[in-house]
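Sequence lines, in order, name chains A and B.
Just so we're aligned, residue 1 is where the first sequence starts under the working numbering, counting upward by one.
Just so we're aligned, residue 115 is where the second sequence starts under the working numbering, counting upward by one.
Some clues are possibly wrong.
No farther apart than 20 Å at their CA atoms in a straight line, the calculated lysine to aspartate or glutamate pairs in the EDC-like style are these [as the list claims (entries may be wrong)]: (1) A:K109 with B:E167; (2) B:K136 with A:E42; (3) A:K106 with B:D152; (4) A:K109 with A:D54; (5) B:K123 with B:E196; (6) A:K52 with B:E216; (7) B:K155 with A:E8; (8) B:K158 with A:E8.
In short, the hints are calculated from the structure, not lab data.
Predicted model only: the values in this text are computed from it and were never measured.
Given next are the chains, with one letter for each unit.
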Amino acid sequence: GNSVTQMEGPVTLSEEAFLTINCTYTATGYPSLFWYVQYPGEGLQLLLKATKADDKGSNKGFEATYRKETTSFHLEKGSVQVSDSAVYFCALSATGAGSYQLTFGKGTKLSVIP
Amino acid sequence: DTAVSQTPKYLVTQMGNDKSIKCEQNLGHDTMYWYKQDSKKFLKIMFSYNNKELIINETVPNRFSPKSPDKAHLNLHINSLELGDSAVYFCASSQATGSSYEQYFGPGTRLTVT
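Sequences are here, hints too, so could you generate the full structure?
In structure tokens:
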């Protein structure tokens, strides 16, 4: 079946540090890949997405590249801010029957300190 | 112009009671979902409805019963509440566009069973 593996958290960084959150996946076919962000006390928001190999999704200074050869979709940001403190979820939607269903990773909590 | 809304935001109740959570989306999507998020932030899909028909029903106690009166609404009714039902419940919706099935989430309902 489909699965998503993210790096274990929590991750604590100082403001302006570089962020990488690793995400790898297992799926048949050509899934679409997503990063969602959940700020404290809120629901999940779509941060960025990529629908085919070598696509780069980007938003709010975050970016991730769909790497089919390594089945990865790592999230990066060059300079994090305190306001980026949140839980980040990697997810995929597979192709074919059941393609509407998202498979989520377990989430990575990021804390950015001033 | 809230896209996916849920009521109530907080729900505190005693064991054995019956409660309902309501969800509405104004995005014109044809698929809606219920997720349960535990204290470790792990997201578990519970149900999915497509055009008012149940298409996903994960291993969930039959005390949980979803009801979709129309495409824009998906309510969750829970009978005989137990302590283990305490969690945050998220509603989401999606619409197939090309190969991407991104989901839009509501703000969540924090259920506390005492």
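Agreement of K136 (chain B) and E42 (chain A) with the hint, judged by alpha carbon distance not exceeding 20 Å: Holds, at about 17 Å.
Proposed proximity, E196 (chain B) with K123 (chain B) (alpha carbon, max 20 Å): 19 Å, holds
Pairwise hint evaluation, E8 (chain A) against K155 (chain B), where the allowed Cα distance is 20 Å at most: The hint holds at about 12 Å.
20 Å limit on alpha-carbon distance, applied to hinted pair K158 (chain B) and E8 (chain A): 18 Å, holds
K52 (chain A) paired with E216 (chain B) [C-alpha distance capped at 20 Å]: 14 Å, holds
Agreement of K109 (chain A) and E167 (chain B) with the hint, judged by alpha carbon distance not exceeding 20 Å: Roughly 35 Å separates the two Cα atoms, so the pair is violated.
Agreement of K106 (chain A) and D152 (chain B) with the hint, judged by alpha carbon distance not exceeding 20 Å: Judged against 20 Å, a Cα distance of about 11 Å means the pair holds.
Pairwise hint evaluation, D54 (chain A) against K109 (chain A), where the allowed Cα distance is 20 Å at most: 26 Å, violated
The earlier numbered hints that this structure contradicts are 1 and 4.
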